[in-house]
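These protein sequence lines map, in sequence, to chains A and B.
The first sequence finishes on residue 239 if you use the working numbering, and the numbering steps up by one all the way, no holes.
The second sequence finishes on residue 331 if you use the working numbering, and the numbering steps up by one all the way, no holes.
Derived by calculation from the structure, the hints in this document are not laboratory data.
Because the structure is a prediction, the values reported are computed rather than measured.
Hints should not be assumed to be uniformly reliable.
FRET-style restraints, in silico, Cβ to Cβ [what the hints assert, rightly or not]:
#, chain 1, residue 1, chain 2, residue 2, range
1, B, T201, A, S137, 29 to 35 Å
2, B, G109, A, A16, 46 to 52 Å
3, B, G13, A, P123, 27 to 33 Å
4, B, Y131, A, G41, 48 to 54 Å
Sample of chain B residues at the chain A side, in silico, Cβ under 7 Å [unchecked claim]:
#, residue
5, F26
6, A213
7, E216
8, E222
We treat Cβ as the ideally placed atom computed from N, Cα and C, and that holds for glycine.
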Amino acid sequence: MTNAILRLDDVHTDIAQYHILHGISLDVPEGGVHVLLGRNGAGKTTTLRSIMGLWKAKAGAIVFRGRDITAMHTSDIARLGIAFVPENMGIFGGLTVEENMRLAATHGRFDKARLDRVFAIFPAMEKFWDRQAHALSGGQKQMLAISRAIIERRDLILIDEPTKGLAPAIIRNMIDAFREIGEETTILLVEQNFLFAKALGRTVAVIDDGRIVHRGGMAELAADAELQARLLSLSLEAH
Amino acid sequence: MKSLSATFTRFGGVMLLPVILALVAFVLIGRPSSWLTLTIAGLAMGMMIFLMASGLSLIFGLMDVLNFGHSAFVSFGAFIGATVLAALGIWVRGDSAFLNIAALVAAIGAATAFGALAGWFFERVIIKPVYADHLRQILITVGALIVAEEILLVIWGGTPMPVPRPAILTGSFLIGDVAVEIYRIFAFLLGLAVYVILHLTLNRTRIGLLIRAGVENREMVEALGFRIDRLFIGVFMAGSALAAMGGAMWAGYQGLITPALGSELMVMVFIVVIIGGLGSIQGSLLGALMVGLTTNYVAFLFPKLALASTMILMMIVLLWRPWGLKPAVKG
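Using the sequences plus the hints, can you model the full thing?
This is how it looks when you write it as structure tokens:
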């Protein structure tokens, strides 16, 4: 693909003595939501963390907007305009909602219009603005983690299993929120929940045992029951 | 029981403990003058230990570094402060309050500046290679402490060194029939000022916000675009500088110091950090005041238990709150 904002080329990553990624190659097109599906332990989280530089790829190349970021420091990668929402949400429980968001705003100052937009997407953030984050519910913490990622314009947002442990009603709200966010930026979404992924994804890649085993349009996968059955039985837990 | 707990929390929670301890001691001691003398001594002692412990708590909490070499900064701070005061003998002994204060500022300033510089060197050379490896941290920092104590012996010798106290801080004043040592009031006020500065820095500035966030989740701070390693150096320098300042204050308090001063204090400093909870300045203050007051009250009421009092206090606190009285919130 020529309009890829992010390109992974034969990426290998080890965690301690374990070889987790066995040559991941993946293009993430600019704009919209792109999904990385896979079962537990397939290498989804490792892929996102390798992109962020939190675990260094031992071989291969990770290229963002034409720039090789494979060996860059995590903070420098973030400053290129990549936001990361980890699986555990990465919320600072001892800080208030405001302080959590202020850390993600350049020089600690909020753009009023941007903040209003975040409040429009997640009204709970305005309501609990002065509350310590550890006192929020699981769904509210997830909203805070995503709000923090979008409080400034980012070119790419990496989100790791945002629906994990959330109630179905909150997941429906999340779908609407992600659609809106995906209109202005690119999202690489790691998911196990196929219904959630299907509702949002423009493209999909399926990872298994540290390798990409399928890539294509989400609409094609959603429409092809046989392919779905093969990949789902291969890679996904039932949802 | 629940309503009692809610009332306790509403009126300040664990921050009330030093007040409760002082009230219980008042009842047990019986004589208001003795109680006041012991309370002031305990608060002054607590504040000096707070200076030494606050930096260690932040270093523990933010950097996850077990620095057993922290006491070397305390010892060096004590000896540098004492040396500067000795060198400025005329200013120290003179009647001029201005010269007295200048000598004091020079002594504490020199100790603190040395602590910051030595902290930078220590972090870059000793600590940096052993991040994320507690066993090596313990081994290398204990080794560094031994080397530092030998350097102290080489420079200042093994005989106890007298510490001149500026004339303005000698003597005492009377509150009713209670004589209050001026130095203790000064130690308390200096500790309080440092606490206020640390509290404002941590709660009102962006760097403070980053430190509080880093104590909770270093990785996420980096994923937000900040270099946590640069923050580490700053925190380590500040922690070492505070330890040296505490050492200089302790030297003036004791009047006679030996190279083993830091090691002797270190057990108490670690107890304060553990009681207070890792990574929390409020916790360090609370722990230090509890240790200072308990030591003085127990030494008066039950002299035979004096040495064990802080250990007993730590056991009680940990049985009640295994993470300390006021640890930094994680996650």
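Review point. Which hint numbers doesn't this structure obey?
Key: Going through the list in order, the structure violates hints 4, 5 and respects the others.
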